[in-house]
Amino acid sequence: MTEAVNQPSAPSAIRLVDLSRHYQMGQTLIRAVDGLSVQIPAGEFVALLGSSGSGKSSLLNLIAGLDRPTSGAVLVEDRDLAKLSREELAKYRLRTVGMVFQSFNLVSRMTLEENVELPLRFAEVDRGQRDALALRALERVGLGKRATHRPAELSGGEQQRAALARALINQPKLLLADEPTGNLDSHTGTEIMNFIREFNQSLGMTIVMVTHERALAERYAKRMIFLADGKLIDDQLNSIAITTETHENHP
Amino acid sequence: MKTYDLTELALRNLRESSLRNSLTTIGISVGVASLVAMLSLGIGLQKLATRRLVSSGLFDTVVVMSRRDLRGFGRDDERNTATAAESRTLDEAARQEIERLPDVLEAYPDIRFITELRYQGNPHLTMVSGIPDSARSNDAFSGIQGSFFSSDSAPEVILQKSFAAELLGKNTKSSQDDEIPVADLAKPILGQELVMRYAQRVASAETPQRAKADSSATVGNVKHPTQQPSDSAYSVISREQEFKIVGVSDLDPDSMRGAARARVFLPLKMAESLHVMQSSDLRDSVRGFNKQPSYSTISARVKGPKQIESVEQAIKKLGFNTFSILDATRSLRQFFAVLDLFLGIFGSLALAVASIGIVNTLVMAILERRREIGIMKAIGASDGDVKKLFFAEAGAMGVLGGMVGVTLGWLIGHVINIGTNIYLKRQSLPPESFWSVPWWLVGAAVVFALVVSLVSGLYPAARAARLDPVQALRYE
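Heads up: the sequence lines are chains X and W, in that order. Heads up: the first sequence runs through residues 1 to 251, numbered per this note's numbering. Heads up: the second sequence runs through residues 1001 to 1476, numbered per this note's numbering.
Looking at chain X on its own, in the form it has when it is part of the complex:
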């Protein structure tokens, strides 16, 4: 069962106000995000759905502070990201956001432990504390014994679990996932989604997940935002989302 979203009752973690991101490609103006206004309350699990080129990833990059809007505003915890300096945006990404990508994006030359503790290096956490935190994060995703392995020695699912551990290490308030199961088989994808849901439920983390798989979104997300050509075409609450761990394969 789904219903349209009008006014979220919880305080907003993310507020997009008439947000646009346009690119000039030669003579053509690409409207990746076009006048989008959305509020996402803290602790919500939101899926951004749409076909390829609909602007999902562009929107995620804007929320992550990796890109700046052409117009409008991205407010995260009432801070307008467009007004932050490059240095402040880096701090925002370090302390407020955790990111998971479709292609895992682990540094291939580093071990899992080194990959996971990398954000802690940027946060200037002491080595001893860093090692313990990284190991705990890896244990949480079931990779405690693979800490010294390099990404190439791991399966896709294991790599994505390691990426999740890295995203969690700084205890961010937002977890932004860009097609987190896109490169995984259905069983492994379920495993990853279970982890993400667990973080949402146990840590109260706000999740924004980009996917083009509606079934996956319906299974896990409490809210689904549909985009097409950079515009919001639908915004629904999903009451049928599974709230407990499942071992079923998603379609």
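A few of these clues could be false.
[Claimed, not checked] Facing chain X, from chain W, some residues (calculated, C-beta under 7 Å):
hint, residue
1, Ala1378
2, Asp1383
3, Pro1469
[Said to hold, decoys possible] Just so you have them, the derived chain W footprint on chain X, three or more residues with Cβ under 8 Å:
hint, segment
4, 80-94
5, 120-131
In short, the hints are calculated from the structure, not lab data. Every value quoted in this text rests on a predicted model; they were computed, and no experiment measured them. Cβ atoms here follow ideal geometry from the backbone N, Cα and C, with glycine treated the same way.
Assemble chain W onto chain X, guided by the hints.
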């Protein structure tokens, strides 16, 4: 990011592309080695020249003359300025006063006279000079055959090799004789006796009881033949003294401290005790100055060339004229400063080429690690973190290259030094050290390599920091 994290990550990144980074580091090493080699050659040559000049005694000696001696150096300056009060006698009291001046190690009279020396009954006329015990370290006596004087008052002589050749009946004008090794000249002559006949100055009141005078003459302020000579009058007595030949010096007498152009050397105290009639005695006698025996010149040995100027000023204030070769040392220092500059520039050229290698390596690293940079930015690395990381990598290559380069430069210098000395030995020349790698050069070379590397890393680091994370993450 903390410094040790930065260093660790930088070294780790360098290890990952070990071949390329090693080649770049070798490039820096070659540059630093060339710089070190060039500069150490310049420094070595400067040290060698300075050592030679200082040991020659020319550059740490002030020659002191009386202002009465108008033949001396700087007479034009002094002719108008010297007053009667300032016109002091260059006597023993003056010598002691000069010796007490700060930075003066010793002051000794220049005793030099032409006299007759008899060897195996044959007379030879030559210049004889008294030299102080400090001349033991003089360059002129470094290649001595036999030994230096056993004491400052021993009846011993050292011969210049051309005089030794003359005593042995060799023709010194012949270019062939110059090739006779000094050892061959010394062998038959060392330990032999040499008889010197000289003119001794004796005060008229003194009766030369012990002297076997051949003849004598009275010189002085005599107004009338029947009058007693005044206290400035003295007698000149011909005397003989036997000396033992203890050494033969190899070098040209022109390079010798305060004993220029002499061919026979006596210990200074011995020479003084002979009271040999000096040319200045006669002049002073005519002018009526010589109540006390005076010296024609005094040599003041100064701690180092740097103190020459102040000592000269102090001596001038005492009322004497001075002369030193200070200006020559200034020109010498200027020459070596220019030489070092040019050698440094040539040496730096290789380092400049190496710096292009660093830029190339780091730009390649940015291209290769574009995605990695994107990942780092996505998970919270600031522009500064990325910039510092590339700086650290450039710096690490610089420091490593600098250290290897200094070692390489030192080794090159050592090998060339050994090679040069083998060549010198074959040419029957004494070994020399043309190479000097002082500690400051070691430190400066490593710091210079670091600075060059950091400057080379400026552009790549800025480029990496500016990288758009969205674009970088799309890069495959």
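- request: Could you tell me which of the numbered hints above are not met by this structure, giving the numbers in increasing order?
  value: Violated hints: none at all, because every hint is consistent with the structure.
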